[in-house]
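Given the sequences, and given the hints that come with them, work out the whole structure.
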Amino acid sequence: MSLSERFRAAAATRDLLAALPVNPTDIVIDEVVSATEAMIHGRRTIMAGTNNYLGLTFDPQCIEAGQRALAEAGTGTTGSRMANGTYRAHLELEQELAAFFDMPHAMVFSTGYAANLGSLVALLGEGDAVLLDSEAHASLFDGCRMSGADIFRFKHNDPDGLAKRLRRLGERARDALIVVEGLYSIRGDCAPLAEYAAIKAEHGGYLFVDEAHSLGVFGEHGRGLAEAEGVLEQTDFVVGTFSKSLGSIGGFCASRHAELGLFRYASRPYIFTASPCPSVIATTREALRQVTRRPELRTRVWHNAHRLYGALQRLGLQLGPHVSPVVGVSFSERTVALRCWQSLLEDGVYTNLILPPAAPEGGSLIRVSVTAAHDDAQVDAIAAAFEQAVRRHLPGCAA
Amino acid sequence: MKPEHHAIVDDLIALLTKTLDRPQAVSAETALIGDLGLESIQVIEYLCEVEDHFDLAIDEDTLADVNTVGDLAGVVGRLLDR
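Protein sequence lines, in the order shown, are assigned to chains A and B. Every number in my numbering is 75 more than the matching position in the first sequence, counting from 1. Every number in my numbering is 6 more than the matching position in the second sequence, counting from 1.
Hints were generated in silico from the structure; no laboratory data involved. Every residue, glycine too, gets a C-beta built ideally from N, C-alpha and C. Treat each hint with caution, since some may be false.
30 Å max Cα-Cα, derived DSBU-like pairs, lysine-lysine [said to hold, decoys possible]:
1. Lys239/A with Lys24/B
2. Lys230/A with Lys8/B
3. Lys239/A with Lys8/B
4. Lys24/B with Lys230/A
5. Lys8/B with Lys24/B
Derived list of chain B stretches under chain A, where covered just means 3 residues or more per stretch with a C-beta under 8 Å from a C-beta of chain A [as the list claims (entries may be wrong)]:
6. 46 to 52
7. 56 to 66
Rough simulated footprint, nothing fancy, chain B against chain A, three-plus residues with beta-carbon under 8 Å [unchecked claim]:
8. 220 to 231
9. 240 to 251
What follows is the structure, encoded as structure tokens:
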């Protein structure tokens, strides 16, 4: 296949996006003003499409920790964890993560994507069965695919579908891996983890939960949705990322299974990449401490989540089923979603436009997210911009 | 008793018709992706319906060579034989 043939589909996608009045994949942030604002197209813009749920990206203590590590340990490790890339701080973060989840073992990866890929290829191999939610993140699908295991999809957030598939697997169910997320990042809906844990208890298998978007936000201690649902004990593997609530970059896997320690010898995405740089480890450690030390951050982000969800609901918009810091606004017409998204941007509110095939159920969505750093006036400004967008482009709605 | 190939095709078409946003002519030769404009997530949901209807577990690798409704009926038939 020639290069031009190989990239034909990618070129078609690029051309489609380039033809839009504003290309949603081509937004450049010219200046970051704060954890909640940035300069886009020369305009001060409220950022309502990030994953900075606890608003820690400009936290003075996180910044100070990062600066100190940068000065003391340099800009990068220049090597793999298996060679020269394991510093004392990497091990300390792993111990702190294990303590945070009240689990004996934790491992740090260089990105959230690598954490999912690396954990799944270590856990699964040819002949194994993995049951995967149909809307699971691409990194989870890629990890399952890369492992060579037999992949069985079940409908999104459908415990009955999961139970049926485990039953059909018979004896294989005992060692099967059930792979789901906590909070789903597009519509902001939560997995029925308590039901999954009960199904696991009945049929067997291991439960693997990606808490990328729920870490720091859900649960009394901020451990995620499994904690909030009271099933952290029954969760075999918790994976997550540092690039959302913790405001840096990297990923982890925590478990009560001692075999997690053997991932180091079995996970190519862990072995064959450079370890996270010292400043990233330092800011992550400080942010993790703040998750424990400052529960008021959770209180604040939930206050904002309820305020925004309520305001958008009053406008008559079609929202996801659960209140969470992520609100997915669904549109039946792709052009209306696009116009509303553009209207929001012109009114100084950045959100995420999700078009097919990325949107669940083949529809179009605007993803809005709030953080602990937004104040009431900003949340109200986001809602007001939506009201304007609805007036302009969705005249049938309540606004 | 295992259903005949044509009966499996009929069932697959009936399930597919429920999945489609608008009425379209579907036959054994219809390509699941190319002809119907289905998004990948819709194909996954359709396959979940197929699994439930025939009480089967179909892994994704098995579907690598499936292009048309008829191909899928072949896979279903083979799995029902096991």
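Tested hints:
Note on Lys239/A and Lys24/B: the hinted pairing holds, with a Cα-Cα distance of about 21 Å set against a maximum of 30 Å. Distance hint between Lys230/A and Lys8/B is fulfilled; the C-alpha atoms sit about 26 Å from each other, no more than 30 Å. Between Lys239/A and Lys8/B the alpha-carbon distance is near 20 Å, which keeps this suggested pair within the 30 Å criterion. For the hint pairing Lys24/B with Lys230/A, the CA-to-CA distance comes to about 16 Å; that is within 30 Å, so the pair holds.
Distance check on the hinted pair: Lys8/B and Lys24/B sit about 23 Å apart at the alpha-carbon level, within 30 Å; holds. Only residues whose beta carbon comes within less than 8 Å of a beta carbon in chain A count, and the region 46 to 52 of chain B has 5; three or more means the coverage holds. For the region 56 to 66 of chain B, the proposed coverage by chain A is satisfied: 8 residues have a C-beta within less than 8 Å of a C-beta in that chain, meeting the threshold of three. Beta-carbon proximity to chain B at under 8 Å applies to 7 residues in the region 220 to 231 of chain A; the threshold of 3 is reached and the given coverage holds.
With 3 residues having a Cβ less than 8 Å from any Cβ of chain B, the region 240 to 251 of chain A passes the three-residue criterion, so the hint holds.
Against the hints set out earlier in the document, no violation occurs for any number.
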